[in-house]
Structure formats: C-alpha cells, structure tokens
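Q: Listed below, chain by chain, are the residues.
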Amino acid sequence: MTRLKGWRELEIGAVIPEAGNAVQYNTGSWRAFRPEWIVENCIQCLRCWIYCPDTAIKAKDGKRGEFDLDHCKGCGICATECPGKKGNKAILMVEEGK
Amino acid sequence: MSTPLRLKELTNKEELLTGGHRLCAGCGAPIAVRQIFLALDVPVVASNATGCLEVSTTIYPYTAWKIPWIHSAFENAAATISGVEAMYKSLKRKGKIDRKIKFIAFGGDGGTYDIGLQSLSGAMERRHDIVYICYDNGAYMNTGIQRSSATPLGANTTTSPAGTVIPGKLQPRKNLTKIMAAHNIPYSAQASPHNWRDLMTKVRKAVEIDGPAFINIFAHCNRGWRTPTNTAIQDSRLAVETCFWPLYEYDNGRLTVNYKPKEKKPVTEFLKTQGRFKHLFRPGNEDLLREIQENVDREWNALLREEALQSSAESS
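Line by line, the protein sequences give chains A and B.
First residue of the first sequence: 448, per our numbering; consecutive thereafter.
First residue of the second sequence: 14, per our numbering; consecutive thereafter.
In case anyone wonders, no lab produced these hints; they're calculated from the structure.
Note that the structure is predicted; figures quoted are calculated from it, not measured.
It is possible that some hints are incorrect.
[Said to hold, decoys possible] Cut-off 25 Å, straight-line C-alpha distance, at most; resulting in silico cross-link-like pairs (SDA-like, lysine to any residue): (1) K532/A with G224/B; (2) K107/B with G224/B; (3) K505/A with K191/B; (4) K278/B with P530/A; (5) K115/B with K191/B; (6) K79/B with D515/A; (7) K452/A with E465/A; (8) K109/B with D127/B; (9) K505/A with K109/B; (10) K275/B with R210/B; (11) K79/B with A92/B; (12) K452/A with S69/B; (13) K79/B with A461/A; (14) K510/A with E27/B; (15) K505/A with K532/A; (16) K79/B with K533/A; (17) K26/B with I490/A; (18) K21/B with L516/A; (19) K79/B with S162/B; (20) K26/B with K452/A; (21) K505/A with A92/B; (22) K109/B with V57/B; (23) K79/B with S69/B; (24) K107/B with V68/B; (25) K21/B with A461/A; (26) K505/A with R210/B; (27) K533/A with V68/B; (28) K115/B with I490/A; (29) K545/A with D515/A; (30) K21/B with C489/A.
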C-alpha cells in the first residue's frame, strides 16, 4: 500500500474520484483455502462466476477463465455450487500453504 | 435491445462492483449486487444506506463501485435518491440532460425495515421513479448481530440471546414486501440470488417501470447466521424451497407467486443448517419450532389464496 495522503491532499468531502479503485486493494491474503480449477471437469456452466461474491472469476465471451487470486477470499461457494462432470467437481478447495 | 438473460451472454458485460471490497468471505450481499448490475442495461446512480454493504465497499480511499454512488445515513437512502431523481427530472425539463438514467437505493434490513422506513415510505408515496433494493440478512450484522424487525422468530442474536431466560427472538419478522405493496406502488417483489434469472428479471421490470419499485432480496450472512462461508447459495435455495422466503411479485397490484416448490420442505430443513437456530432443536423448544412452521404455512397459504382469488376474479 502507498503512503496515506495528508489532509491537505484529500478531495473535498472525501470524494473518491476514481471509480472502482478497490480493485487495487488485494483481499487474497484473507484466504485459508484456495480454489483450484480442474479444467477437464469443467462444463462451463458459469455458476461459479454468477455466484462469486468477490468478482474473482474472470469470464468473457461465455467462458470462464482463471481465478483472480488477488481478490478471492476463499469462501468456497464456487466449489459448493459446481456441478462438475459426471460427479467430479471442477473446483476443489485446497488448504493454503500445502 | 437488452442483453438476453443467459449467463454466456452476460459474461461480456462490465462488472460494476469490483473485487477488493471488504465484505466477509462468502457474503450474500455482493452476489445480489453483481447480479443486479449484470441485469441492467441503463446507466444508474445509487445511494446506499449505512450498513455492511456501504461500509465494506467504500473504505477510504477505495471504492468498489463503478457508478456514481452516494453514501447516506441509516435513515435516508430513499430520501437521498429521491432528491437526485428530482434534480434529474428538473435538468431534463430544462433540456440540460437528455440521456436516460435510472436511480437505485440500496439498504440492509436495519436501514430499510427499521431506521429508514419513514423516508422509504415517503419516497414511495411521492412516486419518485426509483428502485429501492433491500438486502435482507435478518439483523444488524455490521454492528455485531443485533436483532432487527427482519430477524426471524427464535433467532439467536446479541440482543435476543438464546439461553435460560429467552429462546432467541420472541417476535416474528414483519413482511416488508407486503408493506411496500400496500403503498400501491407499481412494483414490489421478493427475490433470492440462488435464482439469478428470477432476480434479474425482477430488477429489469423494476427499472423499466415508470415510478417507484421495491425489491427485497434474501442475503445470506455467515457471521450472523453461524454457518460456514460456503453455504450462501445453498441456504438461500433452502429458504425458498421451505417457503420461508417465497419468491413473488406485485406487478401493478397483480400478485404472481414466481416459484412454487413441487414438494414444500419442512422449515426445519432451513433452520438446522444455521447456528443461530441451534437451540431450537434442544428439548423444550418444540412449541417454538411448531410456531415457526405455522407462521410460514400461514403466510404461504395466504399468498397462494390471494393469487388464486385474483385470477378467479379476472376470469369471472
């Protein structure tokens, strides 16, 4: 994190002029469990994407991409909701540091 | 032309709530907010009552919102957005602005059911062209799980602590969606993020309608409900399958129950996954469990009856 601004440098009324700058703040360090994407079991149903509270699954052109581990907090909703392929989950939660 | 409500097509829309907000891992509120934004095809301005969503998404000097967004006090999110909407109408009349902009207020159940109710009621009665979204997690979670008038009967909170004196909250929750419908506004509905298509359809209707609209969205809180962090969607689904949280809408007075479970599950299926109801399953609380089930049944049956009555009145 950069140096905090002094009061003379702040915007009047504490307005934040840069929309969506929270993306510069990484919440990934909160994580105790890391989601791992097993591509061969993924049916691209996009449930993980629509249910993610942290906008931490990148998706474009109808397909999901990698996890955004800078922001994923490791809640595990994606892994719970993942239907997988033939009963094999496409997202598994793995303990961090292991 | 609005984007079809299919996930594949929605992936090409810009996310207007970024990651890096500091709501708890597994929180239900940002799931709802993301779905709301993905449903929208018009620019919006929002006000946000004090609460978890407001505090955690805008910790200075950061904001997770990619829209013009105003922080209100607990009691006046609806009044704030009314003012913005009135200004927009005035600028439009003077020809200083011509693009279509819509206005949304967000509030939690504390800021909506309790503290902000009078300003909300006023904004609805004045017929501002706004959408008020309440994310209902059933207590003041931001300040440490105090009971609100949305807290369910029997829930353990820090101000209705279950123990030897009381078995959790002694009063049933009030039905705000119906209170809003009783304002005779064009649109009032209840939704849940597990059914994203229903939620998004309702958001689109609410935004398109000329006049005030209200949507009450079920929002899981794993800290307050004492659950693991991964159950927000599962528990929301159970709330709807047990008819604890029915999905319905009043569209210009016409009631539609949007989802009727094939087999209505007992409410205990919803209660037993949450630590805040754990004490209800100990000996001595059978009567309270029965009362909770009776309340759910009564409200559900009343909804079905009202819907049937309206359609039979139309056909006769």
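Q: All hints are to be evaluated individually against the structure, with a verdict given for each.
A: Structure-based check of each hint:
Proximity of K532/A to G224/B is assessed by CA-CA distance (about 45 Å); at most 25 Å being required, the pair is judged violated. Restraint check for K107/B and G224/B: the C-alpha separation of about 21 Å stays at or below 25 Å, so the hint holds. With a C-alpha separation of about 38 Å, the suggested pairing of K505/A with K191/B is violated against the 25 Å cut-off. Between K278/B and P530/A, the direct Cα distance comes to roughly 22 Å. Compliance with the 25 Å bound is thereby established for this hinted pair.
A threshold of 25 Å between alpha carbons decides the hint, and for K115/B with K191/B the separation of about 24 Å falls inside it, so the pair holds. Restraint check for K79/B and D515/A: satisfied, since their Cα atoms lie roughly 18 Å apart, inside the 25 Å limit. The suggested pairing of K452/A with E465/A holds, with an alpha-carbon distance near 15 Å, which does not exceed 25 Å. Annotation: proposed proximity of K109/B to D127/B is violated, straight-line Cα distance about 38 Å (limit 25 Å).
Restraint check: the Cα-Cα separation between K505/A and K109/B comes to about 38 Å, which exceeds 25 Å; the hinted pair is violated. As the CA atoms of K275/B and R210/B are separated by approximately 19 Å, the hinted pair is consistent with the 25 Å bound. Only pairs whose Cα atoms come within 25 Å are accepted, and K79/B paired with A92/B is accepted, the gap being roughly 22 Å. Distance check on the hinted pair: K452/A and S69/B sit about 20 Å apart at the alpha-carbon level, within 25 Å; holds.
Under the criterion of a C-alpha separation no larger than 25 Å, the hint pairing K79/B with A461/A is consistent with the structure, at around 17 Å. About 15 Å separates the Cα atoms of K510/A and E27/B, which keeps this hinted pair within 25 Å; it holds. Distance restraint check for K505/A and K532/A: the Cα-Cα separation of roughly 21 Å lies within the 25 Å cut-off, and the hinted pair is therefore satisfied. Straight-line distance between C-alpha atoms of K79/B and K533/A comes to about 39 Å, which puts the hinted pair past the 25 Å bound.
Between K26/B and I490/A the CA atoms are separated by roughly 21 Å; this keeps the pair inside 25 Å, and the hint holds. Distance check on the hinted pair: K21/B and L516/A sit about 22 Å apart at the alpha-carbon level, within 25 Å; holds. For the hint pairing K79/B with S162/B, the CA-to-CA distance comes to about 32 Å; that exceeds 25 Å, so the pair is violated. Pair hint K26/B plus K452/A does not hold up; C-alpha atoms about 34 Å apart against a cutoff of 25 Å.
At roughly 36 Å between alpha-carbon atoms, K505/A and A92/B are farther apart than 25 Å, so this suggested pair is violated. Taking the CA atoms of K109/B and V57/B, the gap is near 18 Å; set against the 25 Å cutoff, the hint holds. Under the criterion of a C-alpha separation no larger than 25 Å, the hint pairing K79/B with S69/B is consistent with the structure, at around 15 Å. At most 25 Å may separate the alpha-carbon atoms for a hinted pair to count; K107/B and V68/B exceed this at roughly 36 Å.
Restraint check for K21/B and A461/A: not satisfied, since their Cα atoms lie roughly 38 Å apart, outside the 25 Å limit. Pair hint K505/A plus R210/B holds up; C-alpha atoms about 20 Å apart against a cutoff of 25 Å. Simply put, K533/A and V68/B have alpha-carbon atoms about 42 Å apart, too far for the 25 Å limit, and the pair is violated. Between the alpha carbons of K115/B and I490/A the distance comes to roughly 36 Å, so the proposed pair goes past 25 Å and is violated.
For the suggested pair K545/A and D515/A, the alpha carbons sit about 19 Å apart, so the restraint of at most 25 Å is met. Distance restraint check for K21/B and C489/A: the Cα-Cα separation of roughly 14 Å lies within the 25 Å cut-off, and the hinted pair is therefore satisfied.
Hint check: violations occur at hints 1, 3, 8, 9, 16, 19, 20, 21, 24, 25, 27, 28; the rest are consistent with the structure.
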